[in-house]
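**Q** Protein chains in written order, with my numbering: chain P, 1 to 221; chain E, 1 to 221; chain Z, 1 to 218; chain W, 1 to 218.
No lab work stands behind these hints: they were computed from the structure.
Where is the CB? At the ideal position from N, CA and C, for every residue including glycine.
Check before you lean on any hint, since a few could be wrong.
[As the list claims (entries may be wrong)] What follows is a list of derived Cβ distance ranges for each label pair:
(1) Gln83/W to Pro198/Z: 25 to 31 angstroms
(2) Glu20/Z to Ala152/E: 53 to 59 angstroms
(3) Gln83/W to Pro77/P: 57 to 63 angstroms
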Amino acid sequence: MTIEDDRGQDHSHGRSHEHGEMSELSDTQLRVRSLETVLAEKGYVDSAALDVIVEAYETRIGPQNGQRVIARAWADPDFRAALLDDASAAVNTMGNVSDVGSHLIAVENTPEQHNMIVCTLCSCYPWEVLGLPPTWYKSVPYRSRAVLEPRAVLSKFGVTLPEETEIRVWDSTAETRYIVLPIRPEGTDGWSEEQLASLVIRNSMIGTGLAQRPGEAKGDS
Amino acid sequence: MTIEDDRGQDHSHGRSHEHGEMSELSDTQLRVRSLETVLAEKGYVDSAALDVIVEAYETRIGPQNGQRVIARAWADPDFRAALLDDASAAVNTMGNVSDVGSHLIAVENTPEQHNMIVCTLCSCYPWEVLGLPPTWYKSVPYRSRAVLEPRAVLSKFGVTLPEETEIRVWDSTAETRYIVLPIRPEGTDGWSEEQLASLVIRNSMIGTGLAQRPGEAKGDS
Amino acid sequence: MSNTIHDMGGMHGFGPVEEEPNEPVFHTSWESRVYAMNRAMGPLRLWTIDEGRAAQEALHPAVYAGASYYQRWLLGLEARALQHGLVTKEELAEGKALVANDRPNRIFKPEDAANLTRGSFDRDPQGEAIFKPGDQVQTLNINPAGHTRLPRYARDKPGEVEAVRGCHVFPDSVANGKGDDPQWLYTVVFDGQVLWGPDAEPGTKISIEAFEPYLEAL
Amino acid sequence: MSNTIHDMGGMHGFGPVEEEPNEPVFHTSWESRVYAMNRAMGPLRLWTIDEGRAAQEALHPAVYAGASYYQRWLLGLEARALQHGLVTKEELAEGKALVANDRPNRIFKPEDAANLTRGSFDRDPQGEAIFKPGDQVQTLNINPAGHTRLPRYARDKPGEVEAVRGCHVFPDSVANGKGDDPQWLYTVVFDGQVLWGPDAEPGTKISIEAFEPYLEAL
Chain P
1 MTIEDDRGQD HSHGRSHEHG EMSELSDTQL RVRSLETVLA EKGYVDSAAL DVIVEAYETR
61 IGPQNGQRVI ARAWADPDFR AALLDDASAA VNTMGNVSDV GSHLIAVENT PEQHNMIVCT
121 LCSCYPWEVL GLPPTWYKSV PYRSRAVLEP RAVLSKFGVT LPEETEIRVW DSTAETRYIV
181 LPIRPEGTDG WSEEQLASLV IRNSMIGTGL AQRPGEAKGD S
Chain E
1 MTIEDDRGQD HSHGRSHEHG EMSELSDTQL RVRSLETVLA EKGYVDSAAL DVIVEAYETR
61 IGPQNGQRVI ARAWADPDFR AALLDDASAA VNTMGNVSDV GSHLIAVENT PEQHNMIVCT
121 LCSCYPWEVL GLPPTWYKSV PYRSRAVLEP RAVLSKFGVT LPEETEIRVW DSTAETRYIV
181 LPIRPEGTDG WSEEQLASLV IRNSMIGTGL AQRPGEAKGD S
Chain Z
1 MSNTIHDMGG MHGFGPVEEE PNEPVFHTSW ESRVYAMNRA MGPLRLWTID EGRAAQEALH
61 PAVYAGASYY QRWLLGLEAR ALQHGLVTKE ELAEGKALVA NDRPNRIFKP EDAANLTRGS
121 FDRDPQGEAI FKPGDQVQTL NINPAGHTRL PRYARDKPGE VEAVRGCHVF PDSVANGKGD
181 DPQWLYTVVF DGQVLWGPDA EPGTKISIEA FEPYLEAL
Chain W
1 MSNTIHDMGG MHGFGPVEEE PNEPVFHTSW ESRVYAMNRA MGPLRLWTID EGRAAQEALH
61 PAVYAGASYY QRWLLGLEAR ALQHGLVTKE ELAEGKALVA NDRPNRIFKP EDAANLTRGS
121 FDRDPQGEAI FKPGDQVQTL NINPAGHTRL PRYARDKPGE VEAVRGCHVF PDSVANGKGD
181 DPQWLYTVVF DGQVLWGPDA EPGTKISIEA FEPYLEAL
């Protein structure tokens, strides 16, 4: 075990821990290749299928699915009600995104309650509608802090809410999966679903962000 | 960060973690030397004084001090009463061991109650009477387990007590320090303090052992 | 295991939350292979999702806290593949198959990736749900040696049942090799002050998904 | 910090307790130098014992759980020496003094080692002790960002005061730079079942040394 600290290097937290260091990445890479080779030779995985899974998450299954869900909920009050009643069923009526499992739950932000999702015990995430989680969501800082100091975490994401707004943290400790329905931004009357979707940043569906206002630069998250 | 696991190596727990690996020991060694050199050059430490401190713990300040305390408590009822009343004061009357600070407490094993000492938050230990703690006492397995499953821990040390005996774990969370007064073994009537001291193994003063019986081979702990 | 480092809700010391601008889906190709292998082997039903979690929870805390997310997935997958006898240590060390095996009848094929839907965890209930929304409950103080999904910070605390989420596979049973043992699942909400005392941020509520055996009526 | 990995009472996953036969006092010379430096710098009164603990608690959990005992002491001592401006990073990297400093008036000399007695933590009380042996108390549910000596497993639990241990320096104050703030110290004993629920081993009691501000009357 190499001892590490903060002396001049950023070894003990943050990205270096999350992504490993170059010299060690190659160890890991060799180890992954070895595991895949053995599993494939023994007939447990089909490497071509792995390629297709990777491609699916790099292209098809991502936050764009959730953006369309949220935009429709903003545009269509019946869909909004259906979504809040049974998110799995409602999303599956949209047809052209990947089916979602039985346990999706949508929670609605209001001026009275802001919702925020975490999985303290592992990294549960509604990947059918949001794709794979970002590194920060899976990171030990987020998992440890979100339930204890959600306002402090929100402020790291640039989100400051009025004192009167209750912060509600949902710890995904079972197979239910949560998506946040953010507040529809003002100044969007009459917007199409496609226009509305452009305001739905990924973090707004996790609760660590708000939907963008019209004209606000679209961030990556 | 190198990832490690149990695949063929004992990297993830036990002694390799406690003592480091050879290639890394030398890193640590250089780092220690650097720190000592700088502190000495700047006048914060005197390397000759460090030598004397090391020598003191390698020779003078060790479990032999506690053994004499326990032996006297077994041999002398007045001393036993004084020890249980105020262990610091009682030990300091013995004169020829290093003075102990104000906060030593002796707890007596009986057939009804077996005492066991731990420091879950760091590694507090009565070094004035027992010397420096053994590695297992400072280790994360002992610190995490002793308060939750003391009987299971005791059994790892070969100590099995009757169900009726209550196990009392003392977590040293402040500057008080605990020494266990073990049960005097049978068959020692009329023994001298010196003879009695030979039965007091170190672990019996921590509570992870019992005093040895006459004729029992003396272990290192 | 239950009280391991993975149960980190409310712990300090892990550093600040840091967002990466323009983060890619995968940072390296090995990350994507690790993820895809884990996904592809799920449908083989050699183990459950909770066994997968338990394999990661069994990592030494220094490894768990120091490894990246996909490094943990790699270590967990290796551990399960070894435990289930799918591969041997020698094969992993040499990077090739050395011993014959009973090949699975059906493996995940490229065409299966068209529908990566999650399986359902709903199961037929063994009885009526004991609690209903609005009920006041106390979480139990459990510290099992095996897997559980009741986090430490939410044990032995009073809360309110907010919703009944159906009857699901019980992780504390299935991950410990004792079958589905389906249990009612509830959303139980706690006041921040109840969980954290005066150090809680004001105006916060935290909920967990709690299986019925975690709860007793208040 | 409070809820960091150092607060590990009741955690699982660290492996078995293993005793080393014929263990030496120090395994390597660097271990002995690290220990001796820490001891020798204590009397300089540049920091308190609780600041020393806090410096180790601030290590990343992966480092804390993976380092050996004396590696942690080394990292803690380096951190304090840097924080207090005794040394610079450049000096540690080069292994020699590069900048002048205000030398301490008095350092630990060889003759001081004749008496390595611990200092006293007794302080004059600020008031009468509130509790006496036999009193039933409840530990508070605190989760401070700063240093504390109330372990997580013993928070928010009922126990009994068994002894009054005098009035001591209060770690939660002194380690956070707020002075001694002396507080009464008690031994508080808990039933194993109260701390761990039905998973407790039968017939066990666990005590902590609890400062008065950790307690309220029951």
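**Q** Next, verify each hint and record whether it holds.
**A** We went through each hint and held it up to the structure:
Distance hint for Gln83/W and Pro198/Z: a CB-CB separation of about 28 angstroms, consistent with the stated range 25 to 31 angstroms. At about 43 angstroms, the CB distance of Glu20/Z to Ala152/E disagrees with the hint of 53 to 59 angstroms. In this structure the supplied range 57 to 63 angstroms holds for Gln83/W paired with Pro77/P, their Cβ-Cβ distance being about 58 angstroms.
Hint 2 from the earlier list is the only one contradicted by this structure; the remaining hints agree with it.
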